[in-house]
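Residue numbers (the UniProt record's numbering), protein chains in the order written: chain A, 1 to 609; chain B, 1 to 235.
These aren't lab readings, by the way, just hints derived from the structure by calculation.
Positions of the beta carbon are idealized from the N, C-alpha and C atoms, including for glycine.
Take these hints with a grain of salt, some might be off.
[What the hints assert, rightly or not] The calculated DMTMM-like cross-link candidates involving lysine to aspartate or glutamate, where the alpha carbons are at most 20 Å apart (straight line), are: (1) A/Lys224 - B/Glu63; (2) B/Lys146 - B/Glu64; (3) A/Lys105 - A/Asp92; (4) A/Lys105 - B/Glu102; (5) A/Lys224 - B/Glu56.
[Claimed, not checked] Reference excerpt, derived from the structure (chain A facing chain B, CB under 8 Å, subset only): (6) Glu53; (7) Thr106; (8) Thr108; (9) His109; (10) Ile110; (11) Thr112; (12) Ser113; (13) Phe132; (14) Asn136; (15) Met176; (16) Ala227.
The chain contents come next:
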Amino acid sequence: MRSCELAHLSHWKSLPHMISPDQCHRGPVQFSLPVSDPSRGPHFTGCRSREQETFRCWWSAGIFQNLTEPGALRVFYQTKNALLSEWQECPDYTHTVKNECYFNKTFTHIWTSYCIQLRSVRENITYDETCFTVENIVHPDPPIGLNWTLLNVSRSGLHFDILVRWAPPPSADVQMGWMSLVYQVQYRVRNASHWEMLDLESGTQQSIYGLHTDKEYEVRVRCKMSAFDNFGEFSDSILVHVAQIPSKESTFPTMLVLIFGVIGLVILLVLLIFSQQQRLMVIFLPPIPAPKIKGIDPELLKNGKLDQLNSLLSSQDMYKPDFYHEDPWVEFIQLDLDDPPEKNESSDTQHRLGLSRSGSSHVLNFKSDDDSGRASCYDPEIPNPEDLASLLPGHSGRGDNHPLVSRSISSIPDLGVQQTSEVEETPIQTQPAVPSWVNMDFYAQVSDFTPAGGVVLSPGQLNSSPEKKKEEENEKKIQFQLVSDGAYTSENTARQLSTEVPPSPGPEQGYQTFPTQAVEGNLWNGEYLVSTSDSQIPYLLPEAPPAPILPPVSDYTVVQEVDAQHSLLLNPPSLQPAICPHSPNKHLPAMPTMPMGYLTPDLLGNLTP
Amino acid sequence: MNKLKVLQAWLWCESLWPCWLSHAVPLDCKDETGSLTQCASISQEKLLDRVIQHAELIYRVSEESCTLFEDMFVPYPLHALRSQGGNLCHTKPFPIPGSKNEIQQISDKWLLHSVLMLVQSWMEPLIYLQTTLNRYDDAPDALLNKTKWVSDKLLSLEQGVVVLIRKMLDEGILTSSSIFEHTLTPYNEQSPEVLESVLRDYNLLICFKKDAHKMETFLKLLKCRQSNKLSCLSY
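If we strip away everything but chain A, and leave its shape as in the complex, we get (with noise of 0.2 Å):
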């Protein structure tokens, strides 16, 4: 919206200050450049002062070819002070240049503003016409004199820094104050595209930072009114160039200290790790740990030391309770002596025996258990074969109606661990802090299958100490294997115990059957021994005649007691007869009253010499 246009609004003639409507600046804003517009009529094209103090004006004739002749178009002016003078024609039309008016000295006044007009005058028409203030068209000739001085140079050699000196052009009357001009220096790299500009500068000297070596560069400089934006022409530019020096030896030594500083690293660190080298492998390669299983010591396997072996077997925490929870009915067994008559009427595989400890310095406690349900063939643990001895009633030391005893099994599951791994007869002395009746064989010769899957063991050979051999060699010969877990005690050796003299006995046969469901797996391997021939058949009575049928065997019998003298006293078995049928090498021993299984108290009695 031009300032003529306001005229038309509502408001316009409410301001005194502004300029009249008759006013109307039609040329572009930057009225003092120079640029010609052919597709219009008659026109100003510019106005220009160079030092303020005189200005000039060109037209053109535009697309009207007939006004082109001199003096067709002529300029008016007017000076816009507080009192609006006439108008005056141009006060000299340049001769040299078509065109153009000039305004000198005396008709240049700054701070006024003035307004030309563009007539024809023939015609009476005003063409165009322009408001203007002297200087607001000021642009300022360039600057002469331009110069540079090398300041420095880096110390790569790459970087220089120049110092570039100029003049004020002599047009401007800089010392008088009269114009005010600031600078701008530009540069560029030779025929690039882009100049660099920096600052304005208000001097006539201006540093320029971080030129290239071996870089040919262009510099030039305008400069133009301060407070005012209408630059210069610029002036013509200089160039600087500043040559590289070769600077190799400067970088030689730091490039053989560098080298020489890698090697030493190098050998250092080599060093290091030669002398480090123990640390260096714990470090990086650590030992790997041996297994912690507890186990057995192979080194003792090997030397043979067969107590320390029993030692660490028997402290296994392994085995024990795998014992104890599997086989429940062989951990602890109370017999019961008070009240015997009344355990005598309950079936052999419910009776339990309570035993009192008085006068009994072993006491065997056997876990009552229900038993129900398991297969009749059941060994007992086997007593101790001089405990046994001492049972008989020909025995010098025993005399004593010795309790029944209860007994321990804690030493059992070791033994029976031992044993199963040995299916011979050998007897496996044990620590003396364990009672003597451990000593005993455990082993017993399997004579039969039950068809229930019970084994029907015969009871083994003795292979105590010789003292004790030669005792029972004379009377008895007992020798139990045990094949099974748990030691038992042969039934028919019990009854040989406890008959007084049996004369009839020949070769006494005992078994004992297991139930195979309170035996382990891993312990039953199914091997078993059968006796068949008398001769591996102990006697009890060294000239016995064969032995009579005996009544049938009962499923297990319980040890009672075991008297001062390390003897097992037994229950004698029930009347029900074991079903075991598939033992036909057996020989029972004749024992009428003996009950099936357990030694009840009135059989007792029968025992006790």
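Using the hints, position chain B against chain A.
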């Protein structure tokens, strides 16, 4: 006796009458504590340099204020008003020549007096401008600060010019600004239109910039004459 005393007092007061004239300029020097002390002396050249520096700064700041106001409030098509120069600024008591020749022929006395007159004529309009600018909602702080700064600097410029006048021209002068008539009525008008007030303020800023240029030019010419009279003469 009483009459004699009254007469003496009246004569004493009469004798001090010239002092009243020159005393109108309160140029008492005060140190940090605030007590009156002997003013520090300064050479005429240094004083003139400082006055010129003041004038240059005022001119530069006036131009920046004009640009700020123009960018913020004036519609772009009206920016041409600035270069057209058709502004009618408030009238001066005496015309100031515009051509270089005429200016070069102005005497030092008139140069200084012109500067002083210009400075004094702009004191009240600048105060008015400050209040007007505060009315705009989003006037930038830079513009307000600049206007405030210019008002302050104008006061010190006036003081410096007065001292210069006293030193160079050996004459005392009253610094009261009531000598000059100010056409304040247009400034006191309340215009409800935003565009009107904008244009009015814009005109005011342009005129102030022009007058600041005048001050600077006159002072520089004066300096040139002081240092080297030959080069400053018109040719």
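So, going through the hints one by one against the coordinates:
Annotation: proposed proximity of A/Lys224 to B/Glu63 holds, straight-line Cα distance about 15 Å (limit 20 Å). Distance hint between B/Lys146 and B/Glu64 is fulfilled; the C-alpha atoms sit about 8 Å from each other, no more than 20 Å. Annotation: proposed proximity of A/Lys105 to A/Asp92 holds, straight-line Cα distance about 12 Å (limit 20 Å). For the hint linking A/Lys105 to B/Glu102, the alpha-carbon distance of about 10 Å falls within 20 Å, and the restraint holds.
The suggested pairing of A/Lys224 with B/Glu56 holds, with an alpha-carbon distance near 16 Å, which does not exceed 20 Å. Because the closest C-beta pair between A/Glu53 and chain B is about 5 Å apart, less than 8 Å, the hint holds. A hinted interface residue such as A/Thr106 counts as satisfied when its beta carbon comes closer than 8 Å to some beta carbon of chain B; here the least separation is about 7 Å, so the hint holds. Hint on A/Thr108 holds. Least Cβ distance to chain B is approximately 6 Å, under the 8 Å limit.
Contact between A/His109 and chain B, as hinted, is supported at the beta carbon level, the nearest pair being about 3 Å apart and thus within 8 Å. Nearest Cβ of chain B to the Cβ of A/Ile110: about 5 Å, under the 8 Å cut. The hint holds. Taken as an interface hint, A/Thr112 checks out: its beta carbon lies about 5 Å from the nearest beta carbon of chain B, inside 8 Å. At about 3 Å, the closest approach between the beta carbon of A/Ser113 and any beta carbon in chain B falls short of 8 Å, and the interface hint on this residue holds.
About 6 Å separates the beta-carbon of A/Phe132 from the nearest beta-carbon of chain B, less than 8 Å, and the hint is met. Annotation: interface hint on A/Asn136 holds; nearest CB of chain B at approximately 4 Å, less than 8 Å. Interface restraint check for A/Met176: the shortest CB-CB distance to chain B comes to about 5 Å, inside 8 Å, so the restraint holds. A least Cβ separation of about 4 Å between A/Ala227 and chain B falls short of the 8 Å threshold, and the interface hint therefore holds.
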